[in-house]
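Given next are the chains, with one letter for each unit.
2 protein chains.
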Amino acid sequence: MIEELALKTDSKILLLVLDGVGGLPKKARLPSVGQGYTELETAKTPNLDKLAQKSITGLTDAVAPGITPGSGPAHLSLFGYNPIKYQIGRGVLEALGVGVSLNPEDIAARGNFATVDAEGLIIDRRAGRISTEVNQKICKRLQTEINKICAGGTSLPDGQQAGAFGRENVKVEVMPGKEHRFVLVFRGSGLDERITETDPQKTGNPPLICKPLVPEAEKTARIVNIFVNKAKSILSPPRSDKRSGTEPANMVLLRGFAKLPKLKLMQERFKLTPAAIATYPMYRGLASLVGMDVLETGYTIEDEILTLKKYWKQYNFFYLHIKKTDSFGEDGNFENKVKIIEEIDKYVPILLELVHQSTDNVFVITGDHSTPSLLKAHSWHPNPFLLYSKWIIPDSAKRFTERECMRGGLGHFNAVDAIPLMLAHALKLKKFGA
Amino acid sequence: MIEELALKTDSKILLLVLDGVGGLPKKARLPSVGQGYTELETAKTPNLDKLAQKSITGLTDAVAPGITPGSGPAHLSLFGYNPIKYQIGRGVLEALGVGVSLNPEDIAARGNFATVDAEGLIIDRRAGRISTEVNQKICKRLQTEINKICAGGTSLPDGQQAGAFGRENVKVEVMPGKEHRFVLVFRGSGLDERITETDPQKTGNPPLICKPLVPEAEKTARIVNIFVNKAKSILSPPRSDKRSGTEPANMVLLRGFAKLPKLKLMQERFKLTPAAIATYPMYRGLASLVGMDVLETGYTIEDEILTLKKYWKQYNFFYLHIKKTDSFGEDGNFENKVKIIEEIDKYVPILLELVHQSTDNVFVITGDHSTPSLLKAHSWHPNPFLLYSKWIIPDSAKRFTERECMRGGLGHFNAVDAIPLMLAHALKLKKFGA
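As they're listed, the protein sequences go chains A and B.
Residue numbering for the first sequence follows our numbering, beginning at 1 and increasing consecutively.
Residue numbering for the second sequence follows our numbering, beginning at 1 and increasing consecutively.
Simulated from the structure, these hints should not be mistaken for laboratory data.
A few of these clues could be false.
Repeated chains share a single entry, so a pair holds when one copy, or any two copies, can fit it.
Said to hold, decoys possible - Taking lysine-lysine pairs in the DSSO-like style, the calculated list, with each CA pair at most 30 angstroms apart, reads:
hint: 1; residue 1: K202; residue 2: K430
hint: 2; residue 1: K85; residue 2: K264
hint: 3; residue 1: K44; residue 2: K398
hint: 4; residue 1: K140; residue 2: K339
hint: 5; residue 1: K310; residue 2: K50
hint: 6; residue 1: K8; residue 2: K309
hint: 7; residue 1: K398; residue 2: K430
hint: 8; residue 1: K148; residue 2: K54
hint: 9; residue 1: K44; residue 2: K376
hint: 10; residue 1: K310; residue 2: K232
hint: 11; residue 1: K54; residue 2: K262
hint: 12; residue 1: K202; residue 2: K54
hint: 13; residue 1: K27; residue 2: K137
hint: 14; residue 1: K271; residue 2: K376
hint: 15; residue 1: K137; residue 2: K264
hint: 16; residue 1: K390; residue 2: K313
hint: 17; residue 1: K430; residue 2: K211
hint: 18; residue 1: K271; residue 2: K85
hint: 19; residue 1: K232; residue 2: K264
hint: 20; residue 1: K54; residue 2: K178
hint: 21; residue 1: K339; residue 2: K271
hint: 22; residue 1: K259; residue 2: K178
Nothing here was measured: the structure is a model prediction, and the numbers come from that model.
Chain A with its partners taken away, still in its complex shape:
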């Protein structure tokens, strides 16, 4: 419905996402830490406090009550895409995470380096969690030795005509992730992600042969099996050819084969000209999925703010992502998460200066999901949400915290409604019916 109502106007929307900002209260062990307060409650945030008093607040569930979202669904929801309807395959997310850009025809998979015994049975699904450096070396070797696979498959003698599935080459890309993880991308035409995984997800079994789930995926399954066999012989060459002794990473396990999801872009759905400012590849990738221009930026919060200022005139929707709130949450580092929130607070006046350049501009601050330091992980707790616009009734919130937002005037809503609310307050939606 929003798509039929959206209007192209000049007013701007700034969506500031503090990744994982929601937390849980921590009882004081040190006198310097608040008694039973969350990270947001503990932080000294004079600018956010002042803003909250002029804003309307609420809480959002990224997916549904009780559901802990990954970064993919949490962001899709904030971008206005129902994350249950639009699921991003694991392989695609991993590819975005290492900064590989995908074309609609490509297939990405998440890979693990693993250890198999002499019989080919899996001893360790993570190859003893080899270091990222070793991983990088192995990936480089695989990439050099397998940069394309003939779609006709090894079963065809050279020169013979290929059958129904064509014989064109498929390009292979192997990109290292952290520790034992890597990303595998096949680029070519006629690829189909409806194939089985090769990771049996337990030790004592051999890796599985990849099988097509539909006839159209036969070529892809064949390519996967060729890749696995080639990778195996490279990682664990015959004794006579051995270059580097027995290695723990002597096998690959593949799962989460996926293509890019088919999404109508924000430009088309919401008539926005959207841009993303984010430092981590995953978030840059997610933003590009929905059509945002991903702007070049540096690694600090200050760099990101400078980028925002630089491009402010050129777009009318900005997604500004700050990662460190989540990183410190994941580390269980309550104090540093508090410090990052305090650092962000210092930039609020600069952001407001931009927002105030036009009366119908809208400024939203929220998280994608919560990452309480006490849980050291993403959680299901709803996200504090703040909306600042000329066209609101300010509620009673005195600060931008979980507890103040609980009583907020926007109530408790699904994050997928955040975009309609932002568009409405920026006067970018026509009336529904007469």
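Dock chain B against chain A, hints included.
This is chain B only, laid out in the frame that chain A set:
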């Protein structure tokens, strides 16, 4: 589900709709106006305040968060009909708005008088916004000269048998609206609204020929084209026959062809005997769409209250509509909107006297949509909602205002759930399951 649970009982429900009552806070320019308060917050409403303290409150979205509804969808939702599922065509709404009653077979369209040049190209889609008086004269002329159209069409010589679509006459009604707007109704059988519009929605083009979108609509499209041609020759007669010189309104443009939506009536769905008290045709029409008896009433709020008293014993559901809150909102007249709210407040004790006649009666006060004086238009802001019944837990609301309702015990909900809540509190719903 409600339909299977609804019980016929004597308890009464009074739904008082203050059209567009929700507002936005206005900064004081005159000392008499509140500092940063909405119309409801500014108004002195001792009776509503006292009622709010014994009630449970909340906020409703007529359609969805961020969506600004027209009066049609906003009312359907309050009457318990999902406004996305049941969309009322533009022509039908216009017909209701001028007080034309429609039968299920009829087709209504919204018309514009327009100006075309010698080549028949549109110069002005609104004929220079002719006055309502001129409009009334033109409509009278059209109505006199075209009161029926032969369904067989002009292409058939007189006396010849018509084909598959029959040859019966279709009655034509032309009703003036405001300025350049009119309503066109075709009454007959076998009419089908699946036809294209004749309004190209831009100048410099000729009006479009009406085309059927499905074979069943061929007859209707033919009738529309006959009407347009006849109207054109009447409005802009050949020079030799010219009665009144060059007129700006020398063409008609038609759009929004629609039949009545197919709705199960409130009687059947909710086992109610419903009545409507409203002064404006649009709301009387909307109420009749869902099966309400539309009561004769005068034009003041007092008249409406007297009508309610008169019919109180005869029905068990009353929709009492007050228009002026919306009218002053649309005019941007904050002060008069406040005064109307204060006037309504005076009648609250009389309404409560009626409600108190039986212990299980329910009284709801809400808006259909918000119309902040500051926006001079309908808006997306949720509606304050108050429910008074013996069977509630009063919340902390001290007044019937947007901000008090934000923290209300009913929370933030979709207006389509208002009817189930009213039925439940009136003990009109059976248990679901065992």
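TODO: Can you give me the call for K259 and K178, within, between, both or neither, at a CA distance of at most 30 angstroms?
DONE: within (22 angstroms within a copy, 55 angstroms between copies)
Open item on the list: I want to check one pair: K271 and K376. Are their C-alpha atoms no more than 30 angstroms apart within a copy, between two copies, both, or neither?
Closed with: between (38 angstroms within a copy, 24 angstroms between copies)
Task: K140 and K339: within-copy, between-copy, both or neither at 30 angstroms Cα - done: Neither: 39 angstroms inside a copy, 75 angstroms across copies.
- [ ] First find the shortest C-alpha distance between K54 and K262 inside one copy, then the shortest across copies, and answer within, between, both or neither for a cut-off of 30 angstroms.
- [x] Neither way: K54 and K262 sit 39 angstroms apart in one copy and 45 angstroms across, limit 30 angstroms.
Open item on the list: Treating 30 angstroms as the Cα threshold, decide for K430 and K211: within, between, both or neither.
Closed with: between (50 angstroms within a copy, 28 angstroms between copies)
Open item on the list: Reference check for the pair K148 and K54, CA-CA at most 30 angstroms: within, between, both, or neither?
Closed with: Classified as neither; 58 angstroms inside a copy, 61 angstroms across copies.
- [ ] Please work out whether the CA atoms of K390 and K313 approach to 30 angstroms or closer within one copy, between two copies, in both situations, or in neither?
- [x] Cα proximity of K390 and K313: one copy only (20 angstroms, versus 47 angstroms across).
Task: Intra- versus inter-subunit Cα pairing at 30 angstroms for K271 with K85 - done: Classified as both: same-chain Cα gap 21 angstroms, cross-chain 25 angstroms, threshold 30 angstroms.
- [ ] State whether the alpha carbon distance between K310 and K232 is at most 30 angstroms within one copy, between copies, both, or neither.
- [x] neither (49 angstroms within a copy, 57 angstroms between copies)
- [ ] Up to 30 angstroms between alpha-carbons, please classify K8 paired with K309: within, between, both or neither.
- [x] For K8 and K309, the Cα distance is within 30 angstroms only inside one copy (22 angstroms; across copies 50 angstroms).
Open item on the list: My question is about K54 and K178: at a cut-off of 30 angstroms on alpha-carbon distance, are they close within one copy, between copies, both, or neither?
Closed with: Answer is neither: 43 angstroms inside a copy and 41 angstroms across each miss the 30 angstroms cutoff.
Task: Intra- versus inter-copy proximity for K430 and K398 (alpha-carbon distance at most 30 angstroms) - done: neither (32 angstroms within a copy, 34 angstroms between copies)
Hints 4, 7, 8, 10, 11, 12, 13, 15, 19, 20, 21, counting from the list given before, are not met by this structure.
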